[in-house]
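> Here the protein sequences line up with chains A and B, keeping their order. Quick note, the first sequence lines up with residues 1 to 116 if you use this note's numbering. Quick note, the second sequence lines up with residues 1 to 114 if you use this note's numbering.
Simulated from the structure, these hints should not be mistaken for laboratory data. This structure is a prediction, so every number in the text was calculated from the model and none was measured. Beta carbons: idealized from backbone N, C-alpha and C, even for Gly. One thing to keep in mind: the hints can contain errors.
[Unchecked claim] Here are the simulated lysine to any residue pairs, SDA-like style, with alpha carbons at most 20 Å apart:
| id | chain 1 | residue 1 | chain 2 | residue 2 |
| --- | --- | --- | --- | --- |
| 1 | B | K3 | B | I48 |
| 2 | A | K13 | A | G62 |
| 3 | B | K3 | A | G42 |
| 4 | B | K52 | A | G42 |
| 5 | B | K69 | B | P7 |
| 6 | B | K52 | B | G29 |
| 7 | A | K57 | B | T103 |
| 8 | B | K52 | B | L80 |
| 9 | B | K3 | A | N59 |
| 10 | A | K57 | B | K3 |
| 11 | A | K57 | B | G92 |
[To be verified] Okay, the calculated beta carbon distance ranges per label pair:
| id | chain 1 | residue 1 | chain 2 | residue 2 | range |
| --- | --- | --- | --- | --- | --- |
| 12 | B | T113 | A | K57 | 20 to 28 Å |
| 13 | A | G16 | B | N54 | 50 to 58 Å |
| 14 | A | K13 | B | N30 | 38 to 46 Å |
| 15 | B | G15 | A | F60 | 40 to 48 Å |
| 16 | B | G15 | A | R67 | 42 to 50 Å |
| 17 | A | T38 | B | P21 | 24 to 32 Å |
| 18 | B | E66 | A | L11 | 42 to 50 Å |
| 19 | A | G40 | B | S9 | 13 to 21 Å |
| 20 | B | P76 | A | T14 | 47 to 55 Å |
| 21 | B | I39 | A | G40 | 16 to 24 Å |
| 22 | A | L11 | B | T106 | 25 to 33 Å |
| 23 | B | N54 | A | N77 | 38 to 46 Å |
| 24 | A | N77 | B | G29 | 37 to 45 Å |
| 25 | B | E66 | A | Q18 | 47 to 55 Å |
[Said to hold, decoys possible] Just a few of them, taken from the derived set where beta-carbon distance is under 7 Å, the chain B residues facing chain A:
| id | residue |
| --- | --- |
| 26 | A17 |
| 27 | Q42 |
| 28 | G43 |
| 29 | T79 |
| 30 | K101 |
| 31 | F104 |
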Amino acid sequence: KAGVTQTPRYLIKTRGQQVTLSCSPISGHRSVSWYQQTPGQGLQFLFEYFSETQRNKGNFPGRFSGRQFSNSRSEMNVSTLELGDSALYLCASSVRGQGVPNYGYTFGSGTRLTVV
Amino acid sequence: DAKTTQPTSMDCAEGRAANLPCNHSTISGNEYVYWYRQIHSQGPQYIIHGLKNNETNEMASLIITEDRKSSTLILPHATLRDTAVYYCIVRGMPNTGTASKLTFGTGTRLQVTL
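With the hints as extra help, turn the sequences into a complete structure.
Following this line, the structure appears as structure tokens:
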């Protein structure tokens, strides 16, 4: 079956702009999590959505937001981009909340965002 | 989530077993140990997880010490394609708030050589 799909694969934006990234989870998965990966901070959890509701949130400013649609697809938005937002943004889907006790996460290949 | 400590890097000859250690001395009784790996420019890939018993799957084996304060991931016959950063993660009880995020450390960069 198809894996986690993230679009676009690469993106270049200018400081001050806003950006929207998209993630389509594995079919049947209702949980989508987002992570930011930078050389300095490593992989950091942004937030998780399940059944269109944010269930968990990391320590990121309010400029980072997300949402999930009824088909489980998710988008994350970063407003007023800063140079430090340049990173690989990863999305992961899981069967959390669907009766599987030790669910794992399947990650997409990520969107590489460069802010100039 | 409990903190994990891993060596920064390790080398392994192709065909030999790669043993990647992880220290998680503050792990609590209901926390699981998970291993993921990340090959360059790809998203992390799940490898294996365990609570207290040793576990084995088609990718690797996980050995957890009796006191659960450390574990070792074993790749029995490493290949060049196993070159990656390996992350040991301690994760809360399933279906709880703390289980729904993965706290990644710096991981171990495994280099498999000919």
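> Is the interface hint for A17 (chain B) satisfied, with its Cβ closer than 7 Å to some Cβ of chain A?
At about 24 Å, which exceeds the 7 Å cut-off, the nearest Cβ of chain A leaves the hint on A17 (chain B) violated.
> For a C-alpha distance cap of 20 Å, please report whether K57 (chain A) and K3 (chain B) respect it.
holds (19 Å)
> Do the beta carbons of N77 (chain A) and G29 (chain B) sit within 37 to 45 Å of each other?
Taking Cβ atoms as reference, N77 (chain A) and G29 (chain B) lie about 39 Å apart, which means the hint holds.
> State, for the Cβ atoms of G15 (chain B) and R67 (chain A), whether the hinted interval 42 to 50 Å holds or is violated.
holds (48 Å)
> Lying within 42 to 50 Å: is that true of the beta-carbon distance E66 (chain B) to L11 (chain A)?
holds (48 Å)
> Hey, K69 (chain B) versus P7 (chain B), does the alpha-carbon distance stay inside 20 Å?
holds (15 Å)
> CB of G16 (chain A) to CB of N54 (chain B), is that within 50 to 58 Å?
Taking Cβ atoms as reference, G16 (chain A) and N54 (chain B) lie about 53 Å apart, which means the hint holds.
> For the pair supplied as a hint, K52 (chain B) and G42 (chain A), confirm whether the alpha-carbon distance does not exceed 20 Å.
Roughly 28 Å separates the two Cα atoms, so the pair is violated.
> Regarding the hint that Q42 (chain B) lies at the interface with chain A, is the smallest CB-CB distance below 7 Å?
holds (6 Å)
> Regarding the pair K3 (chain B) and G42 (chain A), is the alpha-carbon distance no greater than 20 Å?
holds (15 Å)
> Please test the hint of 47 to 55 Å on the beta carbon pair from E66 (chain B) and Q18 (chain A).
holds (52 Å)
> A range of 20 to 28 Å was offered for this pair. Does it hold for the Cβ distance of T113 (chain B) and K57 (chain A)?
Given range 20 to 28 Å: violated, Cβ gap about 41 Å.
In summary, the structure is inconsistent with hints 4, 8, 12, 26, 29 from the numbered list given earlier, while agreeing with the others.
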